[in-house]
Amino acid sequence: MDAVAGHLDERGAPIVSLVEITKRFEGVVALDGVSLDVAAGEVVVVLGENGAGKSTLVNVMIGALQPNEGTIYVRGQRVSHQDPAAARRQGINAVLQDFSLAPSLSVADNLFLGREPMRLFIRDRARARREGREAMQMLGVNIDVDTPVLFLSRAEQQMVEIVKALCGRPGALILDEPTATLTGEETRRLFEIVTRLKSEGWGVLYITHRMEEVQRLGDRVVVLRDGRHISTYRVANVSETHLIQDMVGRPLSALYPAKVSATTNAPPVLRVDNLTSKDKKILGVSLEVRPGEIVGIAGLVRSGCSEVARACFGLIELDQGFIEIAGGRVEKPDLRKMLHLGLIYLPQDRRGEALSLSRTIEENVSLEVLGEWRYSPFGLVNHAAVHEAVDAITERLDVRPRNIHQPVVSLSGGNQQKVVLGRALTRPRSVYVFDEPTAGVDVGARQAIYHHMHEICKSGAGILFASSDLEEIVHLSSRVYVMHEGRIQTELHGDEINDEAVVSYSFGRDSANRGTLRASN
Amino acid sequence: MQATDSRNNPVVQLGDGLRNIFAKTGALPFLLVILVVVFQLANSRFLGRQNMEDMLHEGVFLALASLGQMFILVSGGFDLSIGSNIALTSISSASVMAAVYGVHPGAAGQAIAAGAATAAVVGLVVGLVNGVGVAVLGVNPFIVTLATASAFQGITLLISQGQEVGGLPNAFITSVGSGSWLGLPIAGWVTLPLVLGLYVLLAWARYGRYIFAIGSNAAAARVAGVHVGLQVLATYVICAVATAIAGFLLTARVSAGEPLLGAEYTLQSITAAVIGGASLRGGRGSIGGTLLGVVFVIFLADGMDLMRLGSNHEMIALGLVLIFAVVADRQRAKAVAAGYQKRLISQSDPATEG
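Line order of the protein sequences matches chains A and B. Just so we're aligned, residue 1 is where the first sequence starts under the numbering used here, counting upward by one. Just so we're aligned, residue 522 is where the second sequence starts under the numbering used here, counting upward by one.
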């Protein structure tokens with residue numbers, strides 16, 4: 001840390017500094033004497049597992065929470081009682097995980113919400129649209145300002161949030177886990193924008209738990225754990241292993257388990273033949289999964305990876321094609337039939353599709369298997385049997401807290417994802433289809449999830465997973481299908497699976513631009 | 522740890538304790554105590570034997586309707602057609618009973634049975650109509666049941682020509698209407714097994730788990746393989762049948778088929794369920810809580826009666842209570858969240874993990 005302090009003079013004056021900030025909730029310390037500053041023209045990455053205090057830090061910085069102890073300086077001026085509006089006026093802008101956009105209003109209306117340009121007493125809509133369009137163009141974002149926000153994808157909404165933040169006074173921009181729900185291409189665009197803002201003299205505070213983003217974006221990296229400031233490094237001077245150790249507080253053995261490969265000559269557990277969806281998001285997709293292998297589906301946004309996973313489970317209406325599973329042929333998959341045939345799908349959207357948040361761990365894990373006779377003879381729940389089964393699963397997955405009567409809403413993202421996985425483990429199945437198995441999940445839980453995917457394969461089942469996490473695709477898959485514009489562009493085996501190949505094929509074979517994703521390194 | 526400092530502080534402990542009770546049960550126990558004290562002070566007959574019996578009689582009907590309503594709330598829906606259902610049941614079953622009894626004056630038992638069967642059929646049909654609207658056609662339950670409430674009311678008035686239906690068997694009125702056995706009204710004896718049945722459905726049956734999951738997140742329940750439409754349909758049928766039975770019992774109580782019977786039950790049932798812990802956002806509710814909510818609503822209405830405040834005042838009070846219940850529900854959700862937040866933070870602290 002002293003070494004870093006020595007570098008301080010090399011940087012510009014801090015736009016915002018937190019000094020010895022302590023924040024307690026009901027006697028529990030969420031932030032414990034954390035100091036941190038962001039200077040003009042630098043990107044500071046804050047790294048930490050869930051519960052490390054990252055969000056509290058952001059909320060203190062933008063004035064949504066008042067610290068119990070410590071001081072905040074903005075451009076060298078001490079600020080005593082901060083609130084979000086005042087913070088914005090001082091040039092502290094934030095794009096949080098939960099967006100603050102009004103879905104039914106247009107992009108332009110959202111950009112100027114609360115500070116609409118006026119002409120006498122009438123809103124000057126023409127000016128708002130013009131200025132909104134200019135702001136979009138400046139950032140190279142191609143979004144029609146008249147579109148109601150609800151029609152935009154999450155990535156586009158995030159862009160609108162960023163543009164909105166940038167319409168304020170220049171200064172600091174806080175991005176709280178901005179890539180949690182973005183795909184590779186969207187992430188690349190976001191990184192371009194961050195790099196550009198940096199060159200324009202913005203100070204960026206970038207909150208994440210993704211290791212690879214530190215290298216790509218950061219000038220400095222701050223590691224938080226359990227509400228404490230653990231370390232600060234110049235990104236150039238620190239290794240990934242070092243950061244992981246600081247983050248988890250214990251050495252983490254290799255994140256990814258050894259690769260598995262298919263049991264030779266065994267017939268596929270799942271075969272998809274020439275699948276085309278009614279909405280044309282997937283076109284003529286054929287693939288197969290053999291017992292004991294982990295098959296990845298990679299691709300850019302809207303390339304259809306997620307949709308293939310959903311289609312296998314009957315969540316997307318098919319126009320043509322069929323699925324072969326358990327020796328039978330399914331023309332019109334519906335999810336109850338697929339579950340019956342031994343295929344389970346684990347959705348990407350935990351809050352939207354995977355979990356009943358207000359219900360308990362036990363209820364969520366057992367929901368799918370509850371119909372079995374041993375768990376509900378004569379339609380009446382055998383509580384003891386359910387309890388025992390769920391207990392065994394949560395112990396195996398190390399779900400914390402272990403109390404299975406606690407609602408899942410109270411769990412961290414990683415533990416919620418384990419609950420989703422737990423539901424799949426309630427009975428043996430032949431095919432497990434994951435959609436973004438580790439989105440928004442901390443490193444510890446990630447490692448556990450990979451480990452259990454590995455275990456599933458060893459038991460002879462097959463896994464198909466769609467992921468926009470390049471690292472995950474490359475390190476986990478025994479085979480990879482790379483998708484481009486709804487079609488399977490190629491299939492990669494063994495040593496062919498590497499960053500360059502996946503990226504270049506996902507941009508389409510012809511326009512293959514090797515290392516596009518690496519360009520921002 | 523700083524955390525332990527505050528844990529030893531008795532004031533903080535007391536505050537935490539009260540908040541935990543509030544988080545678990547809501548504001549209802551507190552309110553009930555206040556209500557009883559106020560009404561008893563205002564009129565010492567309030568807790569008297571006669572008044573308690575009257576209240577028990579009233580409570581039976583509301584309990585059935587409220588439990589049905591609570592099932593629907595748990596599954597994330599609404600039923601605004603409860604009042605119309607009661608009126609329709611009353612008119613239909615009374616008409617059938619009067620007709621049978623008119624033809625066979627000696628066959629009071631058969632007439633009552635025919636009336637009960639009619640009530641059950643009406644409940645089934647009403648439930649299917651509502652359920653199909655919500656679960657199959659996918660229309661918002663608020664709109665579906667508001668529309669069917671109007672339609673059922675219209676049918677009731679068409680059948681009855683706006684007149685009450687008399688000529689019911691005397692046995693029906695004296696036994697089902699006002700008879701009691703071992704201190705419990707006959708209507709109560711009819712209701713008791715139904716309440717037990719509903720309890721088993723909600724707390725022990727697979728179906729109960731399904732509707733809690735659906736109310737909490739219907740999309741997730743679907744992905745987990747739950748037949749969402751079917752379960753939701755069943756919920757509307759259960760509610761409507763329970764309500765129709767209430768309507769049948771109520772008909773005996775008022776000794777005639779009434780075309781405007783039970784209008785107040787829609788709001789009262791929602792109030793009782795919500796103040797008893799059911800959430801308007803779905804996924805939460807309990808039999809015990811709802812019954813306590815029914816007690817509250819009955820106490821309120823009856824106590825105000827004893828204070829010689831008419832039904833107009835009751836309506837005002839009930840409206841205010843409902844608003845209060847919804848606000849309290851939101852506060853409680855926050856209290857629950859705060860409780861877990863605290864635990865979550867202390868869990869992430871390795872020192873307390875032990």
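No wet-lab data here; the hints were simulated from the structure. Please read all numbers here as calculations on a predicted model, not as lab measurements. Heads up, the beta-carbon is just placed ideally off N, CA and C, and yes, glycines get one too. Careful: at least some of the hints might be erroneous.
Simulated crosslink set (DMTMM-like; lysine to aspartate or glutamate; CA at most 25 Å straight-line) [as the list claims (entries may be wrong)]:
id	chain 1	residue 1	chain 2	residue 2
1	A	Lys259	A	Glu455
2	A	Lys280	A	Glu240
3	A	Lys278	A	Asp334
4	B	Lys855	A	Asp83
5	A	Lys281	A	Asp226
6	B	Lys855	A	Asp98
7	B	Lys855	A	Glu455
8	A	Lys198	A	Glu240
9	B	Lys855	A	Asp349
10	A	Lys332	A	Asp349
11	A	Lys259	A	Asp279
The following residues of chain A were derived to be distant from chain B, with all beta-carbon distances above 10 Å [unchecked claim]:
id	residue
12	Gln77
13	Tyr256
14	Asn364
To see whether the hints hold, each was checked on the structure:
1. A:Lys259 / A:Glu455: Holds. A:Lys259 to A:Glu455 sits at ~11 Å (cutoff 25 Å).
2. A:Lys280 / A:Glu240: Given pair A:Lys280, A:Glu240 is violated - Cα atoms ~41 Å apart, limit 25 Å.
3. A:Lys278 / A:Asp334: holds, 15 Å
4. B:Lys855 / A:Asp83: holds, 22 Å
5. A:Lys281 / A:Asp226: violated, 43 Å
6. B:Lys855 / A:Asp98: holds, 18 Å
7. B:Lys855 / A:Glu455: violated, 39 Å
8. A:Lys198 / A:Glu240: Holds. A:Lys198 to A:Glu240 sits at ~23 Å (cutoff 25 Å).
9. B:Lys855 / A:Asp349: holds, 24 Å
10. A:Lys332 / A:Asp349: Holds, because 24 Å separates the two Cα atoms, which is no more than 25 Å.
11. A:Lys259 / A:Asp279: violated, 35 Å
12. Gln77: Fine: 30 Å to the nearest Cβ keeps A:Gln77 off the interface.
13. Tyr256: holds, 25 Å
14. Asn364: violated, 8 Å
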